[in-house]
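Participant: Spelled out, the chains give:
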Amino acid sequence: MKRMEFWCAVAQRIVQNENGIPGYRLVSIMKIPLKVNADFDLSGKIMPRSIEWEDGRVFAVDRVLDVRRAASLKAGGTGLRYICRICGRTVALFNDENKWFMEK
Amino acid sequence: MRSILHVDMNNFYASVECLYRPEIRNFPVAVAGDPLNRHGIILAKNMIAKKLGVTTGEAIWEAKLKAPGLVLVPPDYKKYIRFSRMAREIYYEYSDQVEAFGLDENWIDLTGSLSCLHSDPVTIADAIRRRVKKELGVTVSVGVSFNKIFAKLGSDLKKPDATTVISREHFKEIVWPLPVGDLLYVGRSTARQLELIAVNTIGDLARTDVAILRRRLGKWGEILWFFANGMDTSPVRKISESEQIKSIGNGTTCPRDLQTEQDVRLVFTVLAESVAARLRDCCVKCRGVQIFLRDNSLFTLSRQKQMEFPCCTSAPILETAMELFRQHYRWPRPLRSVSLSAIYLVTASRHVQLSLFDDTAERLLVQEQLEKTVDKLRDRFGHDAITRASALLDPKLTGFNPKEDHTIHPYSYFR
Numbered sequence: 001m002k003r004m005e006f007w008c009a010v011a012q013r014i015v016q017n018e019n020g021i022p023g024y025r026l027v028s029i030m031k032i033p034l035k036v037n038a039d040f041d042l043s044g045k046i047m048p049r050s051i052e053w054e055d056g057r058v059f060a061v062d063r064v065l066d067v068r069r070a071a072s073l074k075a076g077g078t079g080l081r082y083i084c085r086i087c088g089r090t091v092a093l094f095n096d097e098n099k100w101f102m103e104k
Numbered sequence: 001m002r003s004i005l006h007v008d009m010n011n012f013y014a015s016v017e018c019l020y021r022p023e024i025r026n027f028p029v030a031v032a033g034d035p036l037n038r039h040g041i042i043l044a045k046n047m048i049a050k051k052l053g054v055t056t057g058e059a060i061w062e063a064k065l066k067a068p069g070l071v072l073v074p075p076d077y078k079k080y081i082r083f084s085r086m087a088r089e090i091y092y093e094y095s096d097q098v099e100a101f102g103l104d105e106n107w108i109d110l111t112g113s114l115s116c117l118h119s120d121p122v123t124i125a126d127a128i129r130r131r132v133k134k135e136l137g138v139t140v141s142v143g144v145s146f147n148k149i150f151a152k153l154g155s156d157l158k159k160p161d162a163t164t165v166i167s168r169e170h171f172k173e174i175v176w177p178l179p180v181g182d183l184l185y186v187g188r189s190t191a192r193q194l195e196l197i198a199v200n201t202i203g204d205l206a207r208t209d210v211a212i213l214r215r216r217l218g219k220w221g222e223i224l225w226f227f228a229n230g231m232d233t234s235p236v237r238k239i240s241e242s243e244q245i246k247s248i249g250n251g252t253t254c255p256r257d258l259q260t261e262q263d264v265r266l267v268f269t270v271l272a273e274s275v276a277a278r279l280r281d282c283c284v285k286c287r288g289v290q291i292f293l294r295d296n297s298l299f300t301l302s303r304q305k306q307m308e309f310p311c312c313t314s315a316p317i318l319e320t321a322m323e324l325f326r327q328h329y330r331w332p333r334p335l336r337s338v339s340l341s342a343i344y345l346v347t348a349s350r351h352v353q354l355s356l357f358d359d360t361a362e363r364l365l366v367q368e369q370l371e372k373t374v375d376k377l378r379d380r381f382g383h384d385a386i387t388r389a390s391a392l393l394d395p396k397l398t399g400f401n402p403k404e405d406h407t408i409h410p411y412s413y414f415r
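Residue numbers (the working numbering), protein chains in the order written: chain B, 1 to 104; chain H, 1 to 415.
Everything labelled a hint here was simulated from the structure, so no lab data went into it. Some hints here could point you the wrong way.
[Unchecked claim] Below, computed lysine-lysine pairings styled on DSSO-like, alpha-carbon distance capped at 30 Å: (1) H:Lys219 - H:Lys305; (2) H:Lys134 - B:Lys74; (3) H:Lys403 - B:Lys99; (4) H:Lys158 - B:Lys74; (5) B:Lys31 - H:Lys79; (6) B:Lys74 - H:Lys78.
One chain only, chain H, in its complex shape:
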């Protein structure tokens, strides 16, 4: 049987901010984006704000209604990344199998290292808790279990600064009465689907015939059934194993609504440059592009398209994105946010079939050389050392650097 810990840093962003600003520690505190750039939502909140009902993702004015004295703090991702790294350094002392799930959550597989540590998982969980609190000044809750899913569930049960054990013998008493929405990968719509067949708790899900679930939810039904019965066998990745990247994307909520195709083109140019640069960093090329649009009534639309030649340059990505955009968006309303992803990734080193009759593939290679040079310039002299002339048309819209500003993504469980 495996011994797996899931370590979750409590109210991560807010805890770090409260550590650095002791004067606000006893007030309701929320880390929020910049309302002037229209990123004004709550990213994290501390325990006091949580008790007043402030939730992550709501708008600042909503939160202020609930908690009138709310102290708002801008996010400082550099600090959070540093804390995340320091926390992982502690975890690495206990196992070489540490897998991150976002910045603040990690799975640790102790199965192999228990015999060397001469200890049991719960003692180690408590030791980790104590060390993080002492060395970093923030609290963590730890779930101890025999698979990753239940370990994660456990860490969510008791907060803050607590250890929860879910053993094979007792998991039915602890896990099964919980609402089905607590299970990883049961979102709002899946929960609604399950409600229709009278599945309200995780126990209900586990006792339902797997054939019914498969019919209702497809292969996901089966996976969720395995999760609910504690039969998840997914491994915790080792430090050295790098993840398989499936897509690379960037998006932004613009400082003002996008009114014209020209606006959209400007923003897509910046995004395409960033995506292309990241593709080159990872030594991959993409064979498809996906765009994601959200208008000012928060209606969302996403479309994708395959490309003829795999590429890692911004021009074809931009053109494909614009083509998709023109095809699928008829401007019912101005756009609030857009994102752009490169999908169907292939390795960059593979050979390309050149055509006898046209030179598109060859021109792509030339373009690639050019953009690699731009990368080098930016590496040495900073991002603003070289920009497109078109970026100057509206510096407010294009004045962001998605490659370096935002490289924090939610991770997928199945990589």
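Looking at chain B on its own, in the form it has when it is part of the complex:
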């Protein structure tokens, strides 16, 4: 159930924005800022544990598959990219100087 909810939330955002200005797609709204709950381990490594959607729903990060520095041309930003498994789907979370975001 949770899984459906998450992807519906993402889809809703896309629909909202694409209908924002007719004929002109604002690309910057491809960036979804996120509230993130993360663990800091003793060596200073940061691992996201759950993300909070803008309406307050919380989705747990089931697993972190890959962490590396990468740029997001789509959302506009650069930083550490965490490829995560959330509700059975693979998504990329970006940590740009502790500001977290997700690409659409």
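Starting from the known structure of chain B, fit chain H onto it as the hints suggest.
Facilitator: Just chain H, lined up with the frame of chain B:
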């Protein structure tokens, strides 16, 4: 033979801004200073603006004539410094000899590390290009050559996101047909001088008798001749080697023209404080002061003077600067920008000869203690925690902090 890369980030400031604002990526974009504070010139532009003929250094209105839909973005130096650092972290993985030339350019000497990397310079150049693009989201062009000068030339040849190889075997075909102005250190006036003796391309320069060049341009003629023939041997500095500082200076273009000596004194006070604080940070003292004035018709004037005692406090620097100013400027026109540099630097720890008859040197030491205390206060509580009362006379003129706002300088090749 050495293997040297020169990595140049394409349209650095503009690329970073376009990365962070995808919505403007497909428009002509220029990073420009604040026109309200009269810093309104183009600092960088993206490829689209470049195609429309926008050039770095021109005024905003000129650029807008060429590119009517130009999107202007204010500079964010903190972001650029961060990107520059991240890029250098990548380069350090390939060599310990990485030398910066400004924020966006670096030389990398691979000669020593090639055997450990089991690779060749071109493969590494391509790998660096790919990694920077993927990890930072901006493109770089790389020049691969056997000396620093040709590596830099190479990185300028193909843009953006390309590798250019200039080998010892082929450099004559690639480098020699280029106009002489493309060579590092051939500026507008040197190019004009060379034109007079029918030297138009780098090849012409290389084939000219070195004695003629020496007669025309002095020792620079000889250096340029060596550059043109691919005989530059200057090393790429190691990470740990710090640079020898030759001067420390700050300057500003004022929000309004300076009309009176009082105005000039105010601005010089701020600049002298910043210069003195930076001298103390670097543990050096200066034995001379240089001022640089530009009036509102863009006429420039620079004068320098030696000081009796080496110092690292703002008062003597300010007084020497004002003395120079009163001596050499007769107010034909109001001033637009001024700068102040401390020159003839010596180490701070050396002993000072005190005089039996006057106590100037001793008073300097007392002053130094006072200013060090001010430094500490500012470190802990911020720059505005303590200011001179005179700074309040015109907060608009003095309301800038040159020490922290502007610490990006063009670097010199010969350090």
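Participant: For each hint, tell me whether it holds in the structure or not.
Facilitator: Hints, one by one, checked against the model:
1. Using a Cα cut-off of 30 Å, the hinted pair H:Lys219 and H:Lys305 holds, with the two alpha carbons roughly 25 Å apart.
2. Distance restraint check for H:Lys134 and B:Lys74: the Cα-Cα separation of roughly 12 Å lies within the 30 Å cut-off, and the hinted pair is therefore satisfied.
3. About 28 Å separates the Cα atoms of H:Lys403 and B:Lys99, which keeps this hinted pair within 30 Å; it holds.
4. Among the hinted pairs, H:Lys158 with B:Lys74 is consistent with the structure: their alpha-carbon atoms are about 26 Å apart, no more than 30 Å.
5. Between B:Lys31 and H:Lys79 the alpha-carbon distance is near 19 Å, which keeps this suggested pair within the 30 Å criterion.
6. Distance check on the hinted pair: B:Lys74 and H:Lys78 sit about 22 Å apart at the alpha-carbon level, within 30 Å; holds.
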